[in-house]
Amino acid sequence: MAQNRPDSPRDSRSAKIQAAQKAGPSAGASRMTIAAIVFIVAVIAVVGGVILTQKSSEKKAAAGGNSVPTGASATAGYPGNTGVTLVSGAPTLALYEDFQCPNCALFEKTFGPTIKELAGAGKVKLEYHILNFLDDSGGNQSTTVANGVFCAADAGRFQAFHDAAFVGQFPEGQNVTVDDITKFAETAGLSGDSLSTWKTCVKAGKYTKFITDTNDAAFKISGFRGTPTVILNGKTLELSTPESLAAAVQAATTK
Amino acid sequence: MTTDLAGRSATAPTEDAVTRLDWVGTLARLVLGIVLLVAGALKVGHPAASARAVQAYQLLPYDVARLIGYGLPMVEIIVGSLLVIGLLTRGAAVVASLLMAAFVIGIVSAWVRGLAIDCGCFGGGGTIAKADTSYPLEVARDAGLLLCGLYLLWRPRSALSLDRRWYGI
Chain R
1 MAQNRPDSPR
11 DSRSAKIQAA
21 QKAGPSAGAS
31 RMTIAAIVFI
41 VAVIAVVGGV
51 ILTQKSSEKK
61 AAAGGNSVPT
71 GASATAGYPG
81 NTGVTLVSGA
91 PTLALYEDFQ
101 CPNCALFEKT
111 FGPTIKELAG
121 AGKVKLEYHI
131 LNFLDDSGGN
141 QSTTVANGVF
151 CAADAGRFQA
161 FHDAAFVGQF
171 PEGQNVTVDD
181 ITKFAETAGL
191 SGDSLSTWKT
201 CVKAGKYTKF
211 ITDTNDAAFK
221 ISGFRGTPTV
231 ILNGKTLELS
241 TPESLAAAVQ
251 AATTK
Chain V
1001 MTTDLAGRSA
1011 TAPTEDAVTR
1021 LDWVGTLARL
1031 VLGIVLLVAG
1041 ALKVGHPAAS
1051 ARAVQAYQLL
1061 PYDVARLIGY
1071 GLPMVEIIVG
1081 SLLVIGLLTR
1091 GAAVVASLLM
1101 AAFVIGIVSA
1111 WVRGLAIDCG
1121 CFGGGGTIAK
1131 ADTSYPLEVA
1141 RDAGLLLCGL
1151 YLLWRPRSAL
1161 SLDRRWYGI
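In order, the protein sequence lines correspond to chains R and V. Quick note: the first sequence uses the working numbering, first residue 1, plus one each step. Quick note: the second sequence uses the working numbering, first residue 1001, plus one each step.
Heads up, a few of these hints could be off.
[Said to hold, decoys possible] Quick list of the computed label-pair ranges, beta carbon to beta carbon: (1) R:103 - V:1019: 14 to 24 Å; (2) V:1031 - R:187: 47 to 57 Å; (3) R:43 - V:1136: 34 to 44 Å; (4) R:223 - V:1137: 15 to 25 Å; (5) R:75 - V:1129: 24 to 34 Å; (6) R:186 - V:1144: 33 to 43 Å; (7) V:1108 - R:193: 31 to 41 Å; (8) V:1136 - R:70: 43 to 53 Å; (9) V:1045 - R:70: 48 to 58 Å; (10) R:58 - V:1101: 31 to 41 Å; (11) V:1020 - R:103: 31 to 41 Å; (12) V:1144 - R:43: 44 to 54 Å.
[Stated by the list, open to error] Short derived list, chain R residues pointing at chain V, Cβ under 8 Å: (13) 35; (14) 37; (15) 40; (16) 42; (17) 45; (18) 54; (19) 58; (20) 133; (21) 220; (22) 222; (23) 224; (24) 228.
By construction, these hints were calculated from the structure, which means they are not laboratory data. All C-beta atoms in this analysis are idealised placements derived from N, C-alpha and C, irrespective of residue type, glycine included.
Please model the complete structure; the sequences and the hints are all you need to start from.
As structure tokens, then:
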């Protein structure tokens, strides 16, 4: 450096230090040691973290039961209108909903009556895919209410509980207890023994694994956009009005 | 320069003269390091959401994407910390540059394929409405950070670093 005279004290000092560093193999070795330690610690932290996370997510899914609701599967969801005779060529209408999702409540309010009409008349084979991805940030609302609906399904009250849970939806991000959502079960007509069976079922998280599997299956669908999503015979619908849904169903019905 | 710079080095006898480029290096280190540290810290407590954000890119097999989502925040925190303290700067810059290049490729590829996703860079992520995407901004930000990484790759020397204090580099 031009401004540093060769005989300035600063310069000669640093020259000595540099010489010492070059001469001493220990300096190089200690740098290699630090690099090796940092590398090993980093690998342990990352790999260990991934393994622990994987284990804890498996444990979380296994914490509840691994029952599957009657007639349901992770990929085909819960059948919404099994008792109804379908018209010939009726398309499959798959609804993807999360009980915590405000837009799903809005969707149910707008499209619910039309969907029930179509399902009741056998014009569609209705599938409910109840997801819990909104619990990903650490909450429990989606999974708890979803257990609630499938435990109600054990008593034949899926639809009534489903509708009550969307009407009385809790704010997004709020955790809920079994007692918080008991009102949905009561609205759905459960009482006495059937209500205590329902409570035991929700507390045990009987369907948690099924719900998580349904959620995973949904997100494996290419271009899946979260909830609410409506898929008619494998094609995702962009919905504007209930009439447009009825028209799309009509068009998808094979003659 | 330099009376103040020279004065500053005089107080830290193990350091050579600090040049302007060293301060550029410090700036690059801190910008890149702090962004990585913050991005990692915001995501590390939410592994499931982080996994979902990686899966939303639809670039990797579902289960591979999940593991990357679990591991990435920790990698960001480690690399970010090394850059902030200026230890093993060049090695950290290599990893940071590779990360940023991968992020740019991922975001551009999502953009080109017409996906509508949040990059998930600072938590969140996943599919969103088309109108809510901000691909140009996300790409520009990560490209800028990539430049910081490449600069440090080319010239890892910087002021206020442990590399300088301990090893004189």
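Status of the hints after comparison with the structure:
no. : hint                       : verdict
1   : R:103 - V:1019: 14 to 24 Å : 56 Å, violated
2   : V:1031 - R:187: 47 to 57 Å : 55 Å, holds
3   : R:43 - V:1136: 34 to 44 Å  : 36 Å, holds
4   : R:223 - V:1137: 15 to 25 Å : 23 Å, holds
5   : R:75 - V:1129: 24 to 34 Å  : 26 Å, holds
6   : R:186 - V:1144: 33 to 43 Å : 57 Å, violated
7   : V:1108 - R:193: 31 to 41 Å : 59 Å, violated
8   : V:1136 - R:70: 43 to 53 Å  : 50 Å, holds
9   : V:1045 - R:70: 48 to 58 Å  : 37 Å, violated
10  : R:58 - V:1101: 31 to 41 Å  : 33 Å, holds
11  : V:1020 - R:103: 31 to 41 Å : 53 Å, violated
12  : V:1144 - R:43: 44 to 54 Å  : 29 Å, violated
13  : 35                         : 6 Å, holds
14  : 37                         : 10 Å, violated
15  : 40                         : 12 Å, violated
16  : 42                         : 5 Å, holds
17  : 45                         : 6 Å, holds
18  : 54                         : 7 Å, holds
19  : 58                         : 12 Å, violated
20  : 133                        : 6 Å, holds
21  : 220                        : 6 Å, holds
22  : 222                        : 7 Å, holds
23  : 224                        : 7 Å, holds
24  : 228                        : 13 Å, violated
Comparing the model with each earlier hint shows violations of hints 1, 6, 7, 9, 11, 12, 14, 15, 19, 24; every other hint is respected.
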